[in-house]
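Student: Residues 13 to 224 (the numbering used here) make up the sequence shown, in order.
Since the hints were derived computationally from the structure, they do not count as laboratory data.
Even for Gly, the Cβ is constructed at its ideal location relative to N, Cα and C.
Heads up, some of the hints might be wrong.
[To be verified] Below, simulated DSS-like cross-link-like pairs (lysine-lysine); rule was C-alpha separation at most 30 Å, straight line: (1) LYS83 with LYS138; (2) LYS134 with LYS179; (3) LYS134 with LYS83; (4) LYS179 with LYS83; (5) LYS27 with LYS134; (6) LYS179 with LYS138; (7) LYS27 with LYS179; (8) LYS27 with LYS83; (9) LYS138 with LYS27.
[Unchecked claim] If you anchor each label on the Cβ, the simulated ranges turn out as follows: (10) LEU43 with THR89: 37 to 43 Å; (11) GLU53 with ASN193: 47 to 53 Å; (12) LYS27 with ARG93: 25 to 31 Å; (13) SER52 with SER87: 42 to 48 Å; (14) VAL106 with ARG15: 17 to 23 Å.
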Amino acid sequence: MLRNQLLQLAVPLVKQYGFTREALARSVLHLPAPHEQPLSEAAVTSLFGGGDDARRTLINGWLDIARAEMKASSSPTSSLRDVLANRLRANEPVLPLLPEAFALLASPSSGLPPLDPIPGLKHVSKIADDACYLTGDTSVGPAWFRRRAAVAAAYGAAELHQLTSPKTTYQFLDQVLNLTNKVDTSVSEVEQFGRYILRSWGGIIRSRGIFP
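All chains should be built: construct the whole structure from the sequences, respecting the hints.
Tutor: Quick look at the structure:
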């Protein structure tokens, strides 16, 4: 209970302190009965994990809250474009911090492999699943998976564009959704689109000097 409460309190501190252990440590200063001092390093480790694992916990907590904001700002009449745009807007306050955050998620604690795509895939898949639910998607069977894969790829492409060219994010979202309508009917095209997203995501991370 306390861990979850502190994680929620740490998320608004990300804008000032980044996805850091310091943000987690300072969360106790914002309790209803605030502590006089931030958490010790030992306490942060005990609650959230050692080293960069604590930062990963904070990043994942932030992603969960950003998805919750997407849901809260959407209505039964929202289009897919509206829902995904709401999620992209949640990135804006911390946009400069996201390339390093995504790089950290893609870097396993063991150090091998050097770039793990699974966290990125989970991230866009959760958004796609929520977006399809919010917009009343009634697909079943293979079409259910195909639709979500297409939406995940579209959102992933738009988010990658946002990291590098934020001023044209929403125009690009419109373009990529038009493309999604075309690839949605073809498993092979969805897979090809998804591979493009993974390559681009890795390229952006490497361009920041995180990985060779």
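Student: Against this structure, judge whether each hint is valid.
Tutor: These are the hints, each one checked on the structure:
The straight-line distance between the Cα atoms of LYS83 and LYS138 is roughly 12 Å, inside the 30 Å bound, and the hint therefore holds. Between LYS134 and LYS179 the CA atoms are separated by roughly 26 Å; this keeps the pair inside 30 Å, and the hint holds. Restraint check for LYS134 and LYS83: the C-alpha separation of about 18 Å stays at or below 30 Å, so the hint holds. Between LYS179 and LYS83 the CA atoms are separated by roughly 24 Å; this keeps the pair inside 30 Å, and the hint holds.
In summary, the hint linking LYS27 to LYS134 is supported, as the alpha carbons are separated by about 24 Å, within the 30 Å threshold. The suggested pairing of LYS179 with LYS138 holds, with an alpha-carbon distance near 25 Å, which does not exceed 30 Å. Annotation: proposed proximity of LYS27 to LYS179 holds, straight-line Cα distance about 20 Å (limit 30 Å). Among the hinted pairs, LYS27 with LYS83 is consistent with the structure: their alpha-carbon atoms are about 21 Å apart, no more than 30 Å.
Straight-line distance between C-alpha atoms of LYS138 and LYS27 comes to about 23 Å, which keeps the hinted pair within the 30 Å bound. One distance hint, 37 to 43 Å for the beta-carbon pair LEU43 and THR89, holds here, with the actual separation near 38 Å. Judged by the Cβ atoms, the range 47 to 53 Å given for GLU53 and ASN193 holds: they are separated by roughly 50 Å. For LYS27 and ARG93, the hinted distance range of 25 to 31 Å is satisfied, since their beta carbons lie about 26 Å from each other.
The hint said 42 to 48 Å for the Cβ distance between SER52 and SER87, and at roughly 44 Å that hint holds. Between VAL106 and ARG15 the CB atoms are about 22 Å apart, so this pair conforms to the stated range of 17 to 23 Å.
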